[in-house]
Structures are given as C-alpha cells and as structure tokens.
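S.K.: Okay, here's what each chain looks like letter by letter:
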Amino acid sequence: MLRYFGAALVTGLVAAAWIVVLPPSPVRQPIAFPHAKHQGVACTVCHRGAATTAHAGIPNAAMCAKCHSTIPGRAMASTAQREPPIAWVQVTHVPDHVMFSHRRHVTLAKLDCESCHGKMRERMAPLGVAPVRIEMKTCLACHNREGASEDCAACHR
Amino acid sequence: MSRWGLVIDLDRCTACQACVVACKHENNVSFSTPTTTKAGRLMTWIQLVAADAPGATGTAMPLMCQHCDRPPCTDVCPTSATYLNPEGIVAQVYPRCIGCRYCTNACPYAVKVFNWTTPEWPDAMTPMMNPDVSVRPKGVVEKCTFCHHRLMAARERARAEGRDLAPEDYVPACVQTCPGEAMVFGDLDDPHSEVAALAASARAFRWMEELGTKPKVIYLREGE
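Chains as they are written, first to last, in our numbering: chain A, 1 to 157; chain B, 158 to 381.
Think of the hints as simulated: they come from the structure by calculation, not from any bench. Backbone N, C-alpha and C define an ideal beta-carbon position, used for all residues, glycine too. Careful: at least some of the hints might be erroneous.
Just a few of them, taken from the derived set where beta-carbon distance is under 8 Å, the chain B residues facing chain A [what the hints assert, rightly or not]:
1) His-182
2) Asn-185
3) Tyr-251
4) Pro-252
Footprint (simulated), chain B over chain A, 3 or more residues, beta carbon under 8 Å [to be verified]:
5) 91 to 100
6) 147 to 155
Next up, chain A with everything else stripped away, as it sits in the complex (with noise of 0.2 Å):
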C-alpha cells in the first residue's frame, strides 16, 4: 500500500513541476516568416498600428505583396499569397484588465519594440513563445524610472 502511495506522490510531484517549471508549448504559425530577411523595413511599416493607435497589428497577404509585387526577385512564397486574414496566432499578451497602448509607449515614450518584444530583427523563425516575460513589475520598473504614471488606474481598466 505505501509503496502505491509513494508512486503516486512522486508522479504528483512530476506533473507539478512539469507544468510549473516547463516553458508552455511554442504555438505552431501559419506562414515561417523570417524578420531577420525584413531588417531594412521599420517595425511600424508591417505592424501599422503601432505607431498611431492602441493596438498594433500583424499584417495580412495584401500587405505583404505591396512590396513583394513590386520588388523583382523577391515574389511571395506560395503560402503568403492567400486570401487574408493570415491565421497569425498572438504570443505576447498583457492580461484582459490591463489597457496596453502602443501609441502611448512608440509614439509618445519614445520606447524601443526590442523592450517588449526581444530581437525580433534577428530572428529567422516565426515566435512560437512569447519572447519576453512582461509582468507588472517590468511595467513598474520602467514607468518608475521614465517619471510615467504609477497610478493603479492609469493601465488597469
């Protein structure tokens, strides 16, 4: 009988710490897009609404072929020639109370995309995982150090 239960422990102690411990799952995109291939284009180029409103957008195939129908040589691998909405799947998220603006961090603050988003320019794969943590301490830090707003209701809506 205990050694059944000391089984069972040790298999509890396994799935805690295997869901604890463990990164989760990288999330599988729909199109291998390599940024590193796209440093000659500014950030707020493809992801438009960065620069001008709260949220800033991942682009769709008719964004994509702007440049790639003009430029000779540099045609549209098949996959990123479908009919839009690209099935993009989101990997860095700010939870569903918290009033993220990204016109009022680009913009406005003068922020760099790396400081939330990591080296996206040298990146040849696709994230599969949010590149960087973001927690409200890193929030803090910073609006501590930049004098912004450190009232609770200026970002939790």
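Go by the hints and put chain B onto chain A.
M.R.: Leaving out everything else, chain B in the frame of chain A:
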C-alpha cells in the same frame, strides 16, 4: 494636476435616463433581471433616485459615485483595491478586489455594486462591448470611474497632436449623452472652468454633504 468634478443641474434634468443607458453601454455594465433587482442586486453605476434634499422634493436625480475627496470606501478596503487617485477620481482595481464588500457598506450613497453573478450579455450585443473597459468577473465590486478610460485616451490623443488637454477632450459618457445638457464636467481646480463657476453658485449643493465626504458631484437646484 486636475481635480475632476461633475455638476448636475436638477432643474434641467428631465429624468429621461439617457445617462443610465449611456453608462451601461460605455462601461460594459451587465444587465439585471427583475428577480435580481427585487433582491436588491441591481447592477448599475448610475441610477435615478428620489431627491428629497431640502428644496428638491418631488424630483428624481441621477446618482453615481460622488468621487468624494474624503471617501469612506477607500478607508475600509483591506487590499487597497479602491483608492483616491491623484486627480480626485475614486478608482477600483478589479484584479485586486477580493469582494469583501466592506466598501459597498461603507459608502453612504450605496453606489458601489457587487457582482453576485457572472455578467452576461445577449450574443448580438457582444460585438458592441467597449474594448477600453474590462468586463468585471463575478465576486468583485465595481463602480463609476468618471469614464477614466476616456481621460487616458484623450490625454494620449492630445499629446500625439502636440497640445494640452482641452476641456472638451475629456467628457464622461453620461455627460456627452444628456439631451437636456443638465450635466457639466471639468476641472474643479481650474478657476476658469464652467464646473468651478457652477459649483460656487448659490444653487449648488452636495448630496449628504453633512457627512463630511466632500463629494465632487455637485447638484444644482433652485430653492423653493
């Protein structure tokens, strides 16, 4: 730093309840059934109540969080989920609220409401939810925020356009909707603002001001 306040002219108010509807729509405030309302669990951030203040008998008045300068609700909150922010708005941080309801009992105006059930909307209304305001879960207290999300958006817009925040940039939904133009919103500390002038008028009174809560919602009513 601004000190936001609201003036409601009861002589202009027709009790049409457009402000009530606008608030529900703007702030994703869920619906109540007759049963829950009868049980005293009406979910609303603003409602019309009988005004029985001296010289104001026989009429209804819109009552929402009075955004007191001395709010009794914040004193009793064990988790600091509700607090008076630097601009005079009594805010509520929902993920921090443990639903103890001390604040709902401490509030003499009874304008803080507890979510007894998970909020639900008809499917057709789901796309109309305001993305700038969260949906509060069951078990937390919620309240009027003077549409604080509108202040954040207005300030961001003004900064992006390289100018200062103008009085017309930030107006709560109830004020914007009021067809009788009975509501005026603005900075009480700005001596040139309309609210400051109205708040100092002889017609002004504050609801239950004898309690010392120093409300920033000011009512106007001609004495009889």
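S.K.: None of the hints should be skipped; say for each whether it holds.
M.R.: Structure-based check of all given hints:
Hint status for His-182(B): violated, given a least beta-carbon distance of 16 Å to chain A, over 8 Å. Annotation: Asn-185(B) was flagged as interfacial toward chain A, and the flag is violated, the nearest CB pair being 10 Å apart, outside 8 Å. This hint holds: Tyr-251(B) has a C-beta 6 Å from the nearest C-beta of chain A, less than the 8 Å allowed. Annotation: Pro-252(B) was flagged as interfacial toward chain A, and the flag holds, the nearest CB pair being 5 Å apart, inside 8 Å.
For a cut-off of 8 Å, the count of residues in the region 91 to 100 of chain A with a CB near a CB of chain B stands at 4, and the three-residue condition holds. Closer than 8 Å: that is the beta-carbon criterion, and the region 147 to 155 of chain A has 4 residues meeting it against chain B, so the requirement of 3 holds.
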